[in-house]
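*Asks:* For the protein sequence lines, the chains are A and B, in the order given. The numbering of the first sequence is UniProt numbering, which starts it at 1 and goes up by one. The numbering of the second sequence is UniProt numbering, which starts it at 1 and goes up by one.
No lab work stands behind these hints, which were simulated from the structure alone. Zero decoy hints are in this set.
One-sided and incomplete, this derived list gives chain A residues near chain B with beta-carbon spacing under 10 Å:
| no. | residue |
| --- | --- |
| 1 | Tyr38 |
| 2 | Arg44 |
| 3 | Gly46 |
| 4 | Phe48 |
| 5 | Lys82 |
| 6 | Gly84 |
| 7 | Arg315 |
| 8 | His317 |
In this text, a Cβ means the ideal position worked out from N, Cα and C, and glycines have one as well.
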Amino acid sequence: MRPILMKGHERPLTFLRYNRDGDMLFSCAKDHTPTLWYADNGERHGTFRGHNGAVWCCDVSRDSLRLITGSADQTAKLWDVKTGQQLFSFKFGSPARSVDFALGDKLAVITTDPFMERTSAIHVKRIAEDPEDQVSDSVLVLPSPDGKKRINRAVWGPLNQTIVSGGEDTVLRIWDAETGKLLKESDAEVGHKNTITSLSKAADDSHFITGSLDKTAKLWDMRTLTLLKTYVSGVPVNAVSMSPLLDHVVLGGGQDASAVTTTDHRAGKFEAKFYDKILQEEIGGVKGHFGPINALAFNPDGKSFSSGGEDGYVRLHHFDSDYFNIRI
Amino acid sequence: MTIDTQQQKTSKFRWGEMDEDDDLDFLLPPKQVIGPDENGLKTVVEYKFNDEGNRVKITTKSRVRKLASARLNKRAIERRSWPKFGEAANEDAGSHLTMVSTEEIVLERPKALGAKAEDTKEDGLSQLTKPGAVLMVCRTCRKKGDHWTSKCPYKDLAAPADVFEDKPPTGETSTASVAPGPGKSSYVPPSMRHGADKNAMGSDMRRRNDENSVRVTNLSEDTREPDLMELFHPFGAVTRVYVAIDQKTGVSRGFGFVNFVSREDAQRAINKLNGYGYDNLILRVEWATPRPTQ
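Please take these sequences and the hints and turn them into a complete structure.
*Replies:* Right under this line is the structure:
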């Protein structure tokens, strides 16, 4: 396959997100402008101007009309995807690390970093249908038990009943989305041994995958939080994604960006690694980035995927037909 | 798609009043389009004159396929017509933000574990049977296929005498310096001849070299011996520099050795250059230690 290279960002990529129909791709980077691309040919459609810091995360509503972004400028912003206009800005006292729309797009979960005296927290916001009626009050605030440790990702559980979070304290937690009660914690024995960097849900919300700096990715049941599978990568994992079509997971990562210049370029292993979801065996690797991979996303049709790297490039890969016939 | 051309001889036109360049298209039957049928086959029949003025019938058969855009749903097609915004709205055409990679990227399958073990097991003899392969075994460090004995980075470090004595001569090898076994007619330097005083000079030299050899690792690929010489000679007299080059690919393997005349100079070089940033990499400079015997 010949990947499409998109050079719209001047700084490292942080997050990639497809819309539900799979025709649009949103990219976030440490420069201040999230960008919208066509997911088939990689043409740039628009940039969302307004943030004043690195943008860590984004999510798009099911109807592809609203975008929410979380940024290091201590705000999370709502955008109109059609025009690129900012609709609303949630202000926090610390950087917003991750954002996720609930089913139905009536709620959003936003996590904030520990900053000065503030501890890491999970905020649930109500998203008004008309941006005029939007208020900035949180419906629910869940303080992290270990507030000095950053929460890297929080997503909605099945039917919006729970919130699943993971971060620097290596523990995965399931919270009740109504009451804010902590329902479950992952077992320290089988859990990650280092910071959880990424978390990605299956299309049907039944399970999810986490990537960690302990050089593994793990597959978990979303209701019971039991460990299902472990994928061992030789390098820290920064990004994970699951194929909606085949039983494949893809891990992205590479050595720490600060160590890149001190070692030989062959040592980096900056490839997107494909694993069989069930057999936990490596299927193959897709090379190309000149730095660690920070973001990965599968197209909802499962026929293409994109990766975003520390090198500032988004690489959009449309699979060749032989990918769909891989046998281990 | 198939194009079959049938020539139909026609009587030459002898209309004197017509110019040569005149268009004769009106004399041809009209273009016919048949299909596409249920298999997507479309047939186009055209007529035209070729250079000699003959009438030619061209039948073009093509298969019509539904375009990929059929996959897009109605909403997605509508979104396509949305005006661009932000920086994309006034993007000049030559900005080339989106490019198709010139490089073909394949999903690289990891090597099966069994195959890998076999590869390493493959010894020099089996390499010899392969066409074009050379049996290249360094007699000093016993490394196969990497370098000749004369180029061995460890040749100064090896225990001197026994290398030549307890190994049988390997006459078949095409190594540059053949071991001087007894009965061989090749030239043997006086210091290495039987009965020569081996301890007088050679081993002393080796001892000294052994101590003053400095290993440099994490070199960049394009570092060559003159570069190392330039880097190290300010510290004192250098007797030898060596950069390990991969025989197959011709690129540096990322390490090398530097020998100093005096130990103090070598120590100063180590102190100064260990952790030194050279060609975007950080060098590791340390005393070369002899490899543990296998």
